[in-house]
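J.: Each chain is listed here by its residues.
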Amino acid sequence: MTNKPDPNSTSNLGGVGGGRMPTYVGMPSFPKAAREAVADSRLRANLAHATGTIRERRQRAVDELPDWAELREAARQIKDHTLRHLDHYLMMLEEKVTAAGGTVHWARDADEANAIVARLVEETGEREVVKVKSMATQEIGLNEALAERGITAYETDLAELIVQLGDDRPSHILVPAIHKNRAEIREIFQRKMPSAPADLTDDPAVLAEAARRHLRAKFLSAKVAVSGANFAIAETGTVLVVESEGNGRMCLTLPDTLITVMGIEKLLPTARDLEVFLQVLPRSSTAERMNPYTSAWTGVHAGDGPSAFHLVLLDNGRTAINADPVGREALRCIRCSACLNVCPVYARAGGHAYGSPYPGPIGAILSPQIRGIGSDVDASLPFASSLCGACYEVCPVAIDIPRILVHLRARAPKKAPERLAMTAAAWSLRTPKRLAALQRAAARGRRFARHARMPRSWTDTRDLPVPPAQSFRQWWKEGR
Amino acid sequence: MTSARQAILGRLRSSGDPAAEYEQIARDYLIRHHEQDLRELLAERLADYRAIVHDAPVSELPTALREGPYVIPPDLPAEWTAGLADRVVTEPYDLEAVGGVITGCAVAIAETGTIVLDHGPRQGRRALTLVPDHHLIVVTPDQIAADVPEALARLDLTRPLTFISGPSATSDIELSRVEGVHGPRTLEVFLV
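Protein sequence lines, in the order shown, are assigned to chains P and X.
Add 14 to a position in the first sequence, counting from 1, and you land on the number used in this note's numbering.
Add 684 to a position in the second sequence, counting from 1, and you land on the number used in this note's numbering.
Any given hint could be a false lead.
[Unchecked claim] Partner residues are not named here, just some residues of chain P that face chain X (Cβ under 10 Å, in silico): (1) His-95; (2) Thr-96; (3) Met-105; (4) Glu-126; (5) Asn-261; (6) Asp-287; (7) Val-290; (8) Trp-311; (9) Pro-358; (10) Gln-488.
[Said to hold, decoys possible] To spell it out: a stretch of chain P is covered by chain X in this simulated footprint if at least three of its residues, at any positions, have a beta carbon under 8 Å from a beta carbon of chain X; those stretches are: (11) 62 to 68; (12) 247 to 253; (13) 278 to 286; (14) 315 to 326; (15) 440 to 452.
[Stated by the list, open to error] Counterexamples of contact, computed for chain X against chain P with all Cβ distances above 12 Å: (16) Leu-722; (17) Glu-724; (18) Val-737; (19) Pro-741; (20) Thr-747; (21) Leu-749; (22) Gly-752; (23) Leu-760; (24) Glu-763; (25) Ala-766; (26) Ala-769; (27) Arg-771; (28) Ile-828.
Because the hints were derived from the structure by calculation, they are not lab data.
No residue lacks a Cβ here, since even glycine has one placed at the ideal position from N, Cα and C.
Hey, can you work out the whole structure from these sequences and the hints?
T.: Have a look at this one:
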């Protein structure tokens with residue numbers, strides 16, 4: 015398996031979504047990838063430590079607000095309302111951004127979005143861009159698409175930098191390098207960061223300082239920045255980026271040209287709606303009352319910040335997801351990653367097993383919807399869950415992830431033996447007579463059951479039960 | 685590009701009255717979580733995120749200055765920098781070469797320990813409060829809002845806004861918080 019997403023392997027087979035998103039090269043189905051990951055004891059230790067820490071802290075941050083349930087309900091309703099009237103609000107946003115001096119671009123899929131961004135960068139005459147961490151640009155494989163056109167993208171978020179320098183893949187929405195511990199990060203910096211001091215230790219503060227020095231000159235000389243967006247306000251044309259390190263502020267403020275790629279579902283109708291989302295996002299995400307920095311801008315501001323602003327509105331399967339009455343809930347997602355941090359499957363399998371920039375429970379419902387259930391990995395993702403429901407409990411916009419998983423399971427292509435078994439079961443269960451006859455036959459054959467051969471995928475982890483001597487209905491009849 | 689726009693909007697065609705439906709959204713959450721002692725709450729919450737807090741008159745501001753010149757927005761009140769004439773500079777100035785920056789703010793949020801700049805009066809353009817390593821902020825009592833809803837109601841969203849909660853930080857290494865990455869590594873607040 016290579017580390018880089020292959021831009022040629024974008025799939026939209028059998029599409030629910032009809033979007034395009036890189037599937038990592040040779041990505042096996044979830045169970046296969048997870049089996050390898052579970053065997054990696056260091057990975058499991060890193061994940062258990064990190065997710066365990068954040069879980070407790072998130073709970074404390076949430077418990078501090080007695081009206082959390084009401085905030086969550088308002089967030090859900092605002093998102094659902096916006097999604098119902100997305101065309102209306104998108105046109106409003108476009109009008110306001112344009113009036114404020116920005117330029118709005120529309121992209122049906124990843125290829126269109128990448129081509130727009132590449133062209134905009136080329137028009138500035140620059141060959142380098144600095145980037146703020148963005149899930150949308152991960153989703154469309156922007157860095158690889160820019161590289162093909164000879165443009166170098168520098169990730170400036172600490173975790174994205176660790177992933178980029180380590181020639182690795184992100185494994186978490188908020189903390190893409192969560193699978194690396196401090197010793198591994200130190201080793202990557204020593205190998206790939208020329209400015210790293212010889213006596214670099216694995217103290218997180220020392221590592222953060224090394225990253226600061228490494229990127230400083232880049233920030234001060236960069237002419238073009240690319241960002242994502244956490245929210246956009248239709249009523250005013252305002253775009254917001256929520257962050258911690260200040261790399262976002264650097265990218266959004268210092269360059270001449272700012273290009274923002276935003277999924278069309280990031281929209282909120284009015285400024286007032288932020289009072290809900292600026293409360294629920296930081297507490298769900300980094301377990302803080304408020305994240306260190308949030309930047310908001312509206313078009314271009316004379317004498318302050320970039321003089322050119324481009325907003326690329328990305329569909330990439332979202333309009334199709336929005337048309338699915340069950341699956342559309344996934345579009346409420348504000349990318350907080352609380353569902354990853356509580357998921358028992360994620361904590362053991364890690365983010366890479368999900369074969370997509372979106373790992374964890376939300377990834378298991380987003381990836382197959384964006385890409386369509388074509389590849390092995392997408393067909394297996396709806397099953398990458400025990401349906402325990404912890405993800406739904408913590409979701410700040412109340413996405414019923416287990417319900418959507420079951421919905422997608424019904425759509426996933428079934429293998430021949432499973433189809434055969436299900437057809438047989440459907441036939442047997444159709445009338446009480448057929449069931450009773452089969453139960454009698456099973457009871458007679460019970461001494462052979464011990465030697466019965468079932469598919470290994472079943473008996474590897476479970477015992478095949480021996481049929482009872484008598485069915486419940488027989489026993490009932492005799493007892494009366 | 686018109687075709688992509690039309691294709692996307694065409695697939696979303698909705699019906700109904702968005703404005704009327706928007707009014708139906710249930711907003712049963714609290715508008716504020718604390719009623720009283722907002723100044724004390726702000727001080728406590730700022731300190732929680734490792735900001736240095738001074739409950740002191742602005743005349744004590746000079747004691748907080750470290751090495752190097754401090755850049756100020758041109759409209760900073762003269763009494764804030766009384767006696768500092770040889771320590772403060774205004775733009776144009778190399779922001780990498782200053783020791784810090786002194787500004788006011790637009791609003792402070794007590795509940796979350798957040799200070800909001802709208803880069804209007806006493807605040808300067810965004811780069812001014814970003815590049816220097818030490819940010820000194822003066823907050824006046826009338827600027828303290830109880831909670832996020834009240835703060836947003838006071839702000840004009842069409843201005844550039846920067847919400848600041850403590851110094852620059854990261855949780856990217858093992859999800860444990862470390863202060864000081866790219867933004868100012870020291871945040872110092874005067875509650876006057």
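J.: Are the hints correct? Go through all of them and say.
T.: Evaluated hints:
Look at P/His-95: its Cβ gets to within about 6 Å of chain X, closer than 10 Å, so that hint holds up. Given hint, P/Thr-96 at the interface with chain X, holds; its Cβ is 9 Å from that chain's nearest Cβ, closer than 10 Å. The beta carbon of P/Met-105 is positioned within 10 Å of a beta carbon in chain X (closest approach about 7 Å), and the interface hint is therefore held. Hint status for P/Glu-126 relative to chain X: holds, with the closest Cβ pair at about 6 Å, below 10 Å.
A least Cβ separation of about 5 Å between P/Asn-261 and chain X falls short of the 10 Å threshold, and the interface hint therefore holds. Contact between P/Asp-287 and chain X, as hinted, is supported at the beta carbon level, the nearest pair being about 9 Å apart and thus within 10 Å. Taken as an interface hint, P/Val-290 checks out: its beta carbon lies about 7 Å from the nearest beta carbon of chain X, inside 10 Å. For P/Trp-311, the interface hint holds, the least distance from its beta-carbon to any beta-carbon of chain X being 5 Å, beneath 10 Å.
Hint status for P/Pro-358: violated, given a least beta-carbon distance of 17 Å to chain X, over 10 Å. Evaluation of the P/Gln-488 hint against chain X yields a violated restraint, the C-beta minimum of about 54 Å exceeding 10 Å. Evaluation of the coverage hint for the region 62 to 68 of chain P: fulfilled, as 5 residues show C-beta separations to chain X shorter than 8 Å, against a requirement of three. Closer than 8 Å: that is the beta-carbon criterion, and the region 247 to 253 of chain P has 4 residues meeting it against chain X, so the requirement of 3 holds.
Coverage of the region 278 to 286 of chain P by chain X holds. Counting CB-CB distances below 8 Å, 5 residues qualify, and the rule asks for three or more. For the region 315 to 326 of chain P, the stated coverage by chain X holds: 4 residues have a C-beta nearer than 8 Å to a C-beta of that chain, and at least 3 were required. Check result for the region 440 to 452 of chain P against chain X: violated, 0 residues qualifying (beta carbon to beta carbon below 8 Å, three or more required). No Cβ of chain P approaches the Cβ of X/Leu-722 within 12 Å, the least distance being about 15 Å, so the stated non-interface status holds.
Its beta-carbon lying about 16 Å from the closest one in chain P, X/Glu-724 satisfies the requirement of being farther than 12 Å from that chain. The beta carbon of X/Val-737 is kept farther than 12 Å from every beta carbon of chain P, the shortest such distance being approximately 15 Å. Even its closest Cβ contact with chain P, about 27 Å, leaves X/Pro-741 beyond 12 Å, as expected for a residue assigned away from the interface. Against chain P, the non-interface label of X/Thr-747 holds: every CB pair exceeds 12 Å, the least being about 25 Å.
Here X/Leu-749 stays apart from chain P, with its beta-carbon at least about 22 Å from theirs, past the 12 Å limit. With a cut of 12 Å on Cβ distances, X/Gly-752 stays outside the contact zone with chain P, its closest approach being about 17 Å. Every CB of chain P is more than 12 Å from the CB of X/Leu-760 (nearest about 17 Å), matching its label as outside the interface. For X/Glu-763, the non-interface assignment is confirmed: its Cβ lies about 26 Å from the closest Cβ of chain P, beyond the 12 Å cut-off.
No Cβ of chain P approaches the Cβ of X/Ala-766 within 12 Å, the least distance being about 28 Å, so the stated non-interface status holds. Even its closest Cβ contact with chain P, about 26 Å, leaves X/Ala-769 beyond 12 Å, as expected for a residue assigned away from the interface. Residue-level check passed: X/Arg-771 sits 24 Å from the nearest beta carbon of chain P, beyond 12 Å. Separation of X/Ile-828 from chain P is adequate, the least Cβ-Cβ distance of about 15 Å exceeding the 12 Å criterion.
Checked against the numbered hints given earlier, this structure breaks hints 9, 10, 15; the rest are met.
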